[in-house]
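Colleague: Chain residues, written in single-letter form:
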Amino acid sequence: MAKLILLWLKCIILYNAVDAVFEDQVGKFDWRQQYVGKVRFSHFDTHVQSSKKVLVATENNVFAALNTRTGELFWRHVDKSGPEGNIDALLHHGQDAILVVGNGRLLRSWDVNVGGLNWEIVLDSGSFQKACLVGQQGTVKHVAVLKKNIISLHYLSNGHQKWIENLPDSETVDYQTVYSGGNGEVYALGIVPHSHIVIIAYSTDDGEIIKQISVEAPWLSNIVASCAVIGQGVLICVDSATPSLYMYNLNPNMDDLQMTQIPLQSLGLEVAPDFQPVLVSHQPNSAHQPLSEFFLQLGPDNFLLLQFNNGQIVTLRDFKPALLVSFATTGEKTIAAVMSPKNKTASSINLFSAETGRRLLDTTLIFVMDPNGGKPEKIYIQPFLKKDDSVGYRAMVQTEDHTLTFIQQPGRVMWTREEALSDVVTMEMVDLPLTGTQAELEGEFGKKAAIQDGLMSMVFKRLSSQLILLQAWISHLWKLFYDARKPRSQVKNEVTIENLSRDEFNLQKMMVMVTASGKLFGIDSKTGSILWRHYLNDVPSNAAFKLMVQRTTAHFPHPPQCTLLIKDKDTGLTTLHVFNPIFGKKSHVTPPALPQPILQSLLLPLMDQDYAKVLLLVDDQYKVSAFPSTKNVLQQLQEMASSIFFYLVDSSQGRLSGYRLRTDLSTEQIWEVVIPMEIQRIVSVKGKRPNEHVHSQGRVMGDRSVLYKYLNPNLLAVVTESTDTHQERSFVGIILIDGVTGRIIHEAVQRKARGPVHIVHSENWVVYEYWSTKSRRNEFSVIELYEGMELYNSTVFSSLDRPHAPQVLQQSYIFPSAISTMEATLTEKGITSRHLLIGLPSGGILSLPKMFLDPRRPEIVSEQSREENLIPYAPELMIRTEWFINYNQSISRVQGIHTSPSGLESTCLVVAYGLDIYQTRVYPSKQFDVLKDDYDYMLISSVLLALFFATMISKRLAEVKLLNRAWR
Amino acid sequence: MASPGGQGGGALSTRGGSGARRMKWALELSLGNTRSRGDRQGGQGDVVYPIGYSEKPVPDTSIQETDKNLVEKRCWDVALGPLKQIPMNLFIMYMSGNTISIFPIMMVCMMAWRPIQALMSMSATFKLLESSSQQWLQGLVYLIGNLLGSALAIYKCQSMGLLPTHSSDWLAFIDPPQRMEIMGGGMVL
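Chains as they are written, first to last, in the UniProt record's numbering: chain H, 1 to 968; chain S, 1 to 189.
From the structure, some residues in chain S lie toward chain H, with a derived Cβ separation under 10 Å:
| id | residue |
| --- | --- |
| 1 | S167 |
| 2 | I174 |
| 3 | P177 |
Everything labelled a hint here was simulated from the structure, so no lab data went into it.
Since we're looking at a predicted model, the values are computed, not measured.
Note that the Cβ used here is the ideal one computed from N, Cα and C, for glycine as well.
The shape of chain H in the complex, shown without the other chains:
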């Protein structure tokens, strides 16, 4: 019966397309979160006292202004990704923010208030070193840019170049930094490592060299790392070998050729072993000299506030232990902020007067560290003058896990931004658990309970649980009634980790996101609120991640279980992190120690007695270990071993190989395909998604016969690209290979084509996109595989028993845009028609019906093709604006799209991630199983009621009439 209904549904949804959202549906099922990435430079906008902006330039090449009250974005500019858009420097003066972009390629000025571009100029080529603002007579008018071999000065107002000079001896001297003290001179500081420092003073007016000196410094190798300019132009350097401070006055009147050495011992200071001391100076205003006070870091947790006074260095204060220090200026006052650890979970920030080192009263701020977060890395202070002229401040703390926390005195967290989410690597969507009461009911009749209890107690349990259910239902009703009286905007459904529960149609899920920084997040898919976070602090920077769901929420009382495989690509060492995806807590299950590097993992559909799927890990000796590896599992594995196969693709050697599991958990290679490395290299391999269901086993032809699909679950699509990138000779290859037998099912070569190739492999089709170098356009190609008019074996599929090769159909199309990523929709039963979700570089997500990518589209329309609802072939694929599922909510730099089925057959949950995260639902065949939002319940029920009463009344009238007639 159910199948019959499904058949009918299929008839209904045979032809359809996605409709765009209506205006009133905006934000109803979808949300977007915008991120900026790990902060590299940050400045508080201070030119207006009441300004609420903080400017951030990030490692993701984003320049943005954040609202300091809420943490939201005022504006954001996303530059090109990669080194081309890399932000080298951020200078901030008044309303202008000056950026140097792309290793000194561009100089840009932004208006801080509105985020508009003031001007942009292209700089001369050369590797960028340093930029600084140059002031004269109290006003800042210029910006100096130092490159490897040139120095140039630009006007701040329009970016025009004032002068440009070649740096002398730039082949031998490494010019590293530029400094201006506001006295009409610009100093370029260069170094010949372990020999001498070169100091060149240029005149601000015409770029004339005023003075050029070289100073002996055989102990110095890097100026930026170990030097700073303080006071009235004194270059101060620190040497860890001696250990001592060296000073040199840049003032041109002096002609010393030696640096003054002050041994640290003479100041009574000692450097922590193996620590390179660091100097921190501060120049409150570019038109004036820097402060003569500076920080010297002598150890990981030891800072000193020193003062340079008439050639003498005075220790103002010793901070130990201290984690971070920072200078900040408001008005005339400059303060030093020091963060020091308080206890394990909290640290305190205190303000000190920069001039005296005295502690300012009532300036303690407690920063509570998240136990699931990282250590603080940087601190940015926004000081302000209170009415009584005392200093108040807010602090922005950046932690190792790329989190920004904005705190107010005395420790109130105003907002946090999880910038790690700007770089999601992989994700999964996990069903939420049932509500507590439902779970209780299920647990009560679990196998354990039944054994322990007798009949009577079971009856009582049953009654009591029914009572609980009734109570829950009544309270639910009461809440509904209560909420209905309030206006809609006031009703808030706060989602917290405690009240998480699955909804009727399983539309709300837990998004488990793994970020490149090693921080894991659990996000509610309905609202986008972060429900848990967990920072793994020992994750290497170039780790490979693989996330697997070992146990879903369906096996109460066993908690759901996810396993994250983290592999360090350099050392090959692999660790497993096992956690509960709903609460983010680390599982008590201890993962196996993995002494050998792991090559791949394989999640089997086998379960152990606790319903956890078995994970097989293949190490570099091709030995297999199982997790969990209980006796039960090993026994099952022994039974199943002959039907467990796995494949490995080594792109560095161009080798695909297949292995079979032996009963002793060793492996045996059964096939190998070598793709010659000189000609082509393997770019990617795509299998089918394990949770994919295909409802229809074939396609109905116009003459009502069936063309059966070739649904090989073991099929792999291997993409290769030619090593020759010449546009005439480059090609893209697609190899369809059976992962069990290694049999090549089909091979297609796209000549005069180039990557990057985006590929989707599902059901019986493969869709891929490439750049055609011949026609200079993006093209889509689709391959479909069919068994023919008859099924070879309709009950079981075995790759080992497939004598007939499938029929292969292929067709190509022109696509008007480049694409960033591609994924196919996925639904519970696979009845709904499929769509391709295509992430475009413009930030749109296009939902393209698979119907348009169908190799059976005829060139000449016939009666039969019309019967099949085939669209006549047209080489161009259109982008229709109503196909964008994210309307105007552009997603910057889409990297991946994750699709997940919901409880409703019509609905597929979609998460697109990149710099931003966007979640929505798509209905590829419209909502055939749901009443519409604007369904008129009132009208229908009133009509029904009216009809009911009408029948009652007319029945009565008819009776009366009959009786009367009988009397007559």
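On the provided structure of chain H, position chain S as indicated by the hints.
Modeller: Only chain S this time, still in chain H's reference frame:
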């Protein structure tokens, strides 16, 4: 002279001078009238016959046979009814075409339903044909006619594509094949 109402009800009396004296004419509805009793008593032997009554029997020659023929004819009519409808049905079929829309569907339903209904009430039809001598033959013809009618309806359904005779009609009932091998893996991490 005679009232039309009197013809069936009673005898029209024209005899007796005394009655004629009093009124022009009278219709005697009841035979047991006091006045006519005297009349009857007066003429004991002769019976008052109704108008048009003849004492001599009229010889009946052909009525019996024609009746039988008529019944037979009537029964054949009944038996051949379904067959006669077939050309009509063919015409309707031709006219309605093979597209699936409400009117052709209604017609096909009618066409299919009528023979089935007839076949269901076969016993009633047999009762009708009981009086006929060729009852069994007629029954057979009737049955064949109806069967032909329903065959025609089925053919129509077939040509409209309503019968699940193609493999595509059973496609939805094919279960996905079971996997014999478990396979996984990927690029070397």
